[in-house]
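> Residues per chain are reported as follows:
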Amino acid sequence: MSALEYAQQLKARFGDIISEPKEFRAEITVQLSDASRIAEVCLMAKKELGFDYLVDVSSVDNYGADPRWTLVYHLYGYGHHCHLRLKTDVSEEKSELPTVTTVWRAADWHEREIYDMMGIRFAGHPDLRRILMWEGYPYHPLRKDFPLAGKPSQTPEVAFTRSAPEAGGPFVTVAGGKNSTTREPRARTPEGAEEK
Amino acid sequence: MATQELHIPDSGSRAAAPVPPGPDGELADIAGDKMVLNMGPSHPATHGVLRIVLELEGEIITKATPDIGYLHRGDEKIAENMTYTQFIPYTDRLDYLAPLANNVAYALAVEKLLGIDRELPLRCQYIRVICCELARISSHLLGLGSMAMDVGALTVFLHTFTEREKIYDLIESLTGARFTTAYTRIGGVTRDLPAGWTGQCRKFLEEVVVNIDETERLLTRNRIFVDRNRDIGVIPREAAIDYGLSGPNLRGSGVDFDMRKAHPYLVYDQLEFDVPVGSAGDCYDRYLCRVEEMRQSVRLLRQCLDKLPGGGGNATGEPVNIPNGKTVLPPKHKVLTSMEELIHQFMLVTEGVNAPPGEIYFSAENPKGELGFYINSKGGGTPYRMKIRSPSFANLSILSFLMPGHMVSDTVAIFGSFDFVMGECDR
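Protein chains in written order, with this note's numbering: chain A, 142 to 337; chain B, 5 to 431.
Please note that the accuracy of each hint is not assured.
[Unchecked claim] In silico DSSO-like links for lysine-lysine, alpha-carbon gap of 30 angstroms or less:
| id | chain 1 | residue 1 | chain 2 | residue 2 |
| --- | --- | --- | --- | --- |
| 1 | A | 163 | A | 235 |
| 2 | A | 285 | A | 228 |
| 3 | A | 152 | A | 163 |
| 4 | B | 336 | A | 228 |
| 5 | A | 228 | A | 188 |
| 6 | A | 163 | B | 38 |
| 7 | B | 116 | A | 163 |
| 8 | B | 336 | A | 319 |
| 9 | A | 163 | A | 319 |
| 10 | B | 311 | B | 81 |
| 11 | B | 382 | A | 319 |
| 12 | B | 207 | A | 285 |
| 13 | A | 188 | A | 163 |
| 14 | B | 116 | A | 319 |
| 15 | A | 235 | A | 188 |
| 16 | B | 336 | A | 235 |
| 17 | A | 188 | A | 152 |
| 18 | A | 152 | A | 187 |
| 19 | A | 319 | B | 311 |
| 20 | B | 207 | A | 187 |
| 21 | B | 116 | B | 382 |
| 22 | B | 116 | B | 207 |
| 23 | B | 311 | B | 336 |
| 24 | A | 228 | B | 67 |
| 25 | B | 116 | A | 152 |
| 26 | B | 81 | A | 235 |
| 27 | A | 285 | B | 67 |
| 28 | B | 81 | B | 330 |
| 29 | B | 81 | A | 163 |
| 30 | A | 163 | B | 207 |
To be clear, the hints were calculated from the coordinates, so they are not data collected in a lab.
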């Protein structure tokens, strides 16, 4: 069976909450409209459709749009060699969805990384701590409203951060800017944030 | 049960020691029930900056909590702020023991997004396979050397480094740099093979097979090495899949899976090679897989050198880049003499390649395992979001499951057999 047929089986089982499969560059993506059922859908995909390998979990910050977060799950089956991408949206007010560590243990670190970098919580995760940044760090650096140069922070006796020198360094490119100043600014202020 | 704190408690050690010392905590400490031992982040056997907090009962590990992030540089954030081409040098610094393989994987990911991965000239594809396999040999040589060194065989480390030095000479004459190669471009490579390079490469292949045989003779039947690795760090097949392991660590556990076979990219489907698969899933099997993978890489390299369109000197003038000025920088002499090429150069440098909106995931079989790039594009020259799925990150997540029950001295054998790189784990 192809990935498309697996996606259709998923839709046949869960009905309206699964979108029509979309294909781009020979990859199949389905969207789950109810994030609170992600664990259930994943469990079915693993147990009945043979997606036994969770390749990756990542998150996208749709800053300025609602719902703000998109979670992206990449599944793979060693038995049938098919990839499937599963996406679901979570609103900023909620910022929480069920964990899939109960389905694949690989999700443990991936979900911790998303919690660390974007601040999305996973209900039922056994050990939801920061993973790359240190405990007590106040921000979530991969959010679009976090500046590239960083923000000052202070965690006594652990670590501190300062904004990067030269306000972000010279290697910032905003492709398609009107002139060289807007194209390669010294610092990139997040969209919507006030220009200094 | 009480736990002795040996240093300032932080999140890692708190997670390792959930039971706070009670009123009789001090007495229990004297009795020596359990002890927390902090290993790393600067420890010679942690291959970089992995920190692991071990809870010990005597010599036996009862709980292990890896603590990563000491090399976190925010590569994914950086990628959102620059054009696709500008990010290539950053991929060198992911798995810094195999930068060429990272360059190739990243370029292929962006080419998949652009929909031009099937247009790559054949010579470019062969050169890229040569790059990948050289990187694999280089990475495995280091992996084996440091693994042997960690369990007490220092000679092997020096021995394999002799060969790695030759690879670095090859890489230097190809790319101009030993480590920070940045060799690929979106739609091609920076330059063709230099004159005489294939001859040097063939000479190296003759020498490296001898070195691999000698390394094997030092280790494979070495009593001490076998005793320290066999039946240590056994990963059952199901656990390896469940934790998302990839590369030799997955194949050591008996899963016959290789991206180059299952989803061939470049010209891997036209080349003959075998995928070694272990059976026991212990440190020794992972070691054997790596040794055999190096031999297969040599085999692949020989085929590539034979089949390379145009041959070593490219007498027939085969292209190495996609001949499309909207993707690849045109040749400099054309830029200086022709209007159209000048415009292409200007647009590519200031705006980057114009990627369509959409999202792709591409992964390549790198020396450490499956290196994947998830690129979410809203159109234009920069990715909206890029997630790097690094093999070391997923591979290390199994440590807290694997370590309990082992002796402290087994940690170094397990670390060595995992062959991780913190540069790509922390990104």
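> With reference to the structure, classify each hint as holding or not holding.
Here is what the structure says about each hint:
{"no.": "1", "hint": "A:163 x A:235", "in the structure": "holds, 27 angstroms"}
{"no.": "2", "hint": "A:285 x A:228", "in the structure": "holds, 19 angstroms"}
{"no.": "3", "hint": "A:152 x A:163", "in the structure": "holds, 12 angstroms"}
{"no.": "4", "hint": "B:336 x A:228", "in the structure": "violated, 44 angstroms"}
{"no.": "5", "hint": "A:228 x A:188", "in the structure": "holds, 19 angstroms"}
{"no.": "6", "hint": "A:163 x B:38", "in the structure": "violated, 54 angstroms"}
{"no.": "7", "hint": "B:116 x A:163", "in the structure": "holds, 17 angstroms"}
{"no.": "8", "hint": "B:336 x A:319", "in the structure": "holds, 25 angstroms"}
{"no.": "9", "hint": "A:163 x A:319", "in the structure": "violated, 35 angstroms"}
{"no.": "10", "hint": "B:311 x B:81", "in the structure": "violated, 40 angstroms"}
{"no.": "11", "hint": "B:382 x A:319", "in the structure": "holds, 19 angstroms"}
{"no.": "12", "hint": "B:207 x A:285", "in the structure": "violated, 51 angstroms"}
{"no.": "13", "hint": "A:188 x A:163", "in the structure": "holds, 23 angstroms"}
{"no.": "14", "hint": "B:116 x A:319", "in the structure": "holds, 29 angstroms"}
{"no.": "15", "hint": "A:235 x A:188", "in the structure": "holds, 29 angstroms"}
{"no.": "16", "hint": "B:336 x A:235", "in the structure": "violated, 53 angstroms"}
{"no.": "17", "hint": "A:188 x A:152", "in the structure": "holds, 15 angstroms"}
{"no.": "18", "hint": "A:152 x A:187", "in the structure": "holds, 15 angstroms"}
{"no.": "19", "hint": "A:319 x B:311", "in the structure": "violated, 47 angstroms"}
{"no.": "20", "hint": "B:207 x A:187", "in the structure": "violated, 48 angstroms"}
{"no.": "21", "hint": "B:116 x B:382", "in the structure": "holds, 15 angstroms"}
{"no.": "22", "hint": "B:116 x B:207", "in the structure": "violated, 35 angstroms"}
{"no.": "23", "hint": "B:311 x B:336", "in the structure": "holds, 29 angstroms"}
{"no.": "24", "hint": "A:228 x B:67", "in the structure": "violated, 35 angstroms"}
{"no.": "25", "hint": "B:116 x A:152", "in the structure": "holds, 27 angstroms"}
{"no.": "26", "hint": "B:81 x A:235", "in the structure": "holds, 24 angstroms"}
{"no.": "27", "hint": "A:285 x B:67", "in the structure": "violated, 37 angstroms"}
{"no.": "28", "hint": "B:81 x B:330", "in the structure": "holds, 26 angstroms"}
{"no.": "29", "hint": "B:81 x A:163", "in the structure": "holds, 27 angstroms"}
{"no.": "30", "hint": "A:163 x B:207", "in the structure": "violated, 50 angstroms"}
Figure legend: structure checked against the earlier numbered hints; hints not met, in rising order: 4, 6, 9, 10, 12, 16, 19, 20, 22, 24, 27 and 30.
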